[in-house]
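K.L.:
The primary structure of each chain is shown beneath.
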Amino acid sequence: MSDEIEVTETSEDLNVSVEDFEAFLENVGGTQLNYDMHHTLYDIQDRIEEEVAERERVAAYNDSAIGSRTIIMEALYPPLRIVEDQSGYEGVETGRPINVECFIIPKSFNETFKSRWKSEDLSQGRINPMYNYSGTGREIAMTFTLAAFTVGEAISNLGTCEQIARTVYGRYRRTTTTNSNETTRTSTVFAGCKMFKIDFGSLIRDERVFINKFNFTVNVDSGVFDYYPGGDTDVTHSHKGILLPREVNVEVGFTVVHDYLIGFGGENRPGEPLRWAENRNKDWPHGTGPIPVQEYMSTSEEVPVSELPVHISVTDPKFDQPPGDATDIANEWIELDAIDDENAARIAERFAEENALLPTNTE
Amino acid sequence: MTEPVHMRVYSGEHKAVSVADWADKQGYVVKFVHDPTGHTVEFPALISDFSDSHSPMFQQNYGGDIHDPIPILTRTDRAITFTMTIVNASLEEARYNTQCANLLIQMLYPTVDEEGSFIGNPYIHIHMMSLLTGDLPHEGVACVIDGLDYAVKFDEGVINKNEGILALNYSGKEIYPQSFEISISAKALVERTSVSDSASPFPTNYPSYGG
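The listed protein sequences derive, respectively, from chains A and B.
For the first sequence, this note's numbering gives the first residue as 1, with consecutive numbering after it.
For the second sequence, this note's numbering gives the first residue as 1, with consecutive numbering after it.
If you're looking for bench data, these hints aren't it; they were derived computationally from the structure.
Among these hints, one or two may not hold up.
Stated by the list, open to error - Straight line, CA to CA, 30 Å or less: simulated DSBU-like cross-link-like pairs of lysine-lysine:
1) A:107 to A:282
2) B:173 to A:107
3) B:153 to A:213
Unchecked claim - Incomplete in silico selection of chain A near chain B, CB under 8 Å:
4) 53
5) 124
6) 202
7) 222
8) 223
9) 258
10) 262
11) 264
12) 288
No residue lacks a Cβ here, since even glycine has one placed at the ideal position from N, Cα and C.
Working from the sequences, and respecting the hints, build out all of it.
P.N.:
Below, the structure is given as structure tokens:
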């Protein structure tokens with residue numbers, strides 16, 4: 001009899017005992033079980049029961065308050081993503097791009113908006129100085145903890161810190177020049193700072209930044225994973241001399257360089273100075289989930305095609321038709337737009353249905 | 001859209017359990033008005049660290065055989081700093097308050113023309129009960145806000161959906177703290193009164209704290 005067993009998920013599925021199995025064999029006209037077969041079956045049953053008990057214990061632990069600590073980062077907070085923005089690097093040899101995605105336990109999040117006002121005193125007794133506005137800057141400072149419950153997580157956390165530490169150093173490129181006497185010379189040239197796209201849930205939404213600060217501290221009071229010869233386990237490692245902390249605290253600062261329009265009005269909102277300039281139907285700077293945006297943030301209504309001046313090029317087959325037919329053309333375009341909208345809605349509906357069928361993280 | 005937006009304190013489904021209810025009943029409200037657009041936003045006035053500092057700027061001259069300075073007053077600056085705590089009692093309120101905070105942050109930006117030039121400087125009127133009022137009781141003090149700090153208090157917890165911590169945040173990616181703080185640092189501008197007979201250009205009751 002094979003030692004391989006299929007472990008069922010619940011103990012209710014294990015109601016098949018040795019006696020049941022004997023009865024089953026009798027019903028199908030099988031032979032009586034001998035002593036060895038009896039013992040093998042009892043062993044298998046014991047092992048199944050142990051396995052199920054272990055699974056139930058782990059499930060109960062994970063559902064408990066203590067067990068929940070192992071999933072709390074993923075449960076409460078979305079991951080922090082820092083991805084090097086490679087646009088503008090064309091022709092620059094930059095090495096391996098930085099790409100960090102990690103679950104964090106945030107400790108603080110401070111976002112500072114500083115308006116630059118220059119004040120001038122013009123004369124004594126003037127009740128207000130002259131204020132000249134020249135822009136508003138945005139900086140974000142975050143502190144967070146990277147916790148490790150296993151040796152593997154501790155190594156991964158240190159790798160994350162390594163990558164984030166590299167973000168604050170500059171880019172360099174190598175250039176090769178050949179002299180008139182055909183000697184080749186390679187030199188390294190500084191190519192400026194690295195830019196990144198960062199994302200952290202609804203608080204930081206795919207913003208372009210440069211990183212102005214990185215600091216990491218090891219909380220030795222939380223303990224470390226010790227060396228123990230003979231191979232790695234979850235809580236010991238076999239490499240003498242390396243320090244694997246259970247907790248590191250990270251402080252990182254971002255200066256945002258917006259790559260879209262901000263302010264009120266602007267080129268995306270012609271004739272609408274009260275609306276937010278971005279015109280993407282998206283809250284800014286922080287997301288608000290499924291609720292609709294306020295009217296001033298919503299996408300401007302498009303001017304109906306019929307109200308736009310119609311331009312028909314000479315290559316258009318309707319070029320020779322009388323001008324009165326322009327309305328028909330506009331109506332055709334409106335119909336085509338409506339068909340496109342319908343198709344888009346149908347696709348979105350299908351995606352929503354497919355997404356609903358996908359297993360959720362809680363399953 | 002031709003009308004400015006007016007975002008008042010939260011008045012949704014969960015208002016009864018929200019601090020917004022008490023603030024609304026008592027009139028404990030901080031109101032910000034963006035000068036270039038007229039947009040307004042209000043928050044319940046859970047205020048800490050309020051400070052209103054009036055600093056005269058003197059040139060002090062000393063003559064010969066004189067102990068004490070001859071003061072020459074050039075102007076008096078007024079700097080206002082305060083911190084508001086915004087408390088969320090429900091997911092719905094958290095989302096609404098985030099939109100309010102968004103509008104306040106946006107008020108730090110000007111109006112721009114189609115070429116991208118700044119055309120309306122982001123002056124803001126702040127009205128805070130009797131502590132910050134203008135010439136008329138419902139008006140605020142005109143200010144330039146030179147710093148706004150948005151700080152999330154993670155230690156007080158975050159609001160998740162009703163499923164508890166197992167409501168994994170992969171899809172929504174929303175983070176709503178139970179509370180967050182907005183700290184404002186502003187310089188007040190004095191608005192000339194148009195009706196005063198006084199020689200002083202200041203409003204007659206300037207500054208007014210409701211005393």
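K.L.:
It remains to establish, for every hint, whether it holds in the given structure.
P.N.:
Consistency of the hints with the structure:
Our distance criterion of 30 Å between C-alpha atoms is met by residue 107 (chain A) and residue 282 (chain A), whose separation comes to about 27 Å. Taking the CA atoms of residue 173 (chain B) and residue 107 (chain A), the gap is about 18 Å. The hint holds against a cut of 30 Å. Proposed proximity of residue 153 (chain B) and residue 213 (chain A) is supported: the alpha carbons are some 21 Å apart, at most 30 Å. Here the hint on residue 53 (chain A) is broken, as its CB sits about 23 Å from the closest CB of chain B, past 8 Å.
With a least beta-carbon distance of about 5 Å to chain B, the hint placing residue 124 (chain A) at the interface is held under the 8 Å criterion. Against a cut-off of 8 Å between C-beta atoms, the interface hint on residue 202 (chain A) holds, since the closest Cβ of chain B lies about 5 Å away. Hint status for residue 222 (chain A) relative to chain B: violated, with the closest Cβ pair at about 17 Å, above 8 Å. Annotation: interface hint on residue 223 (chain A) violated; nearest CB of chain B at approximately 22 Å, more than 8 Å.
The closest approach between the C-beta of residue 258 (chain A) and any C-beta of chain B is roughly 10 Å, which is over the 8 Å cut-off, so the hint fails. Interface hint status for residue 262 (chain A): upheld, as the beta-carbon distance to the closest one in chain B is roughly 6 Å, under 8 Å. A distance limit of 8 Å between C-beta atoms decides the matter here; for residue 264 (chain A) the minimum to chain B is near 4 Å, and the interface restraint holds. Contact between residue 288 (chain A) and chain B, as hinted, is supported at the beta carbon level, the nearest pair being about 5 Å apart and thus within 8 Å.
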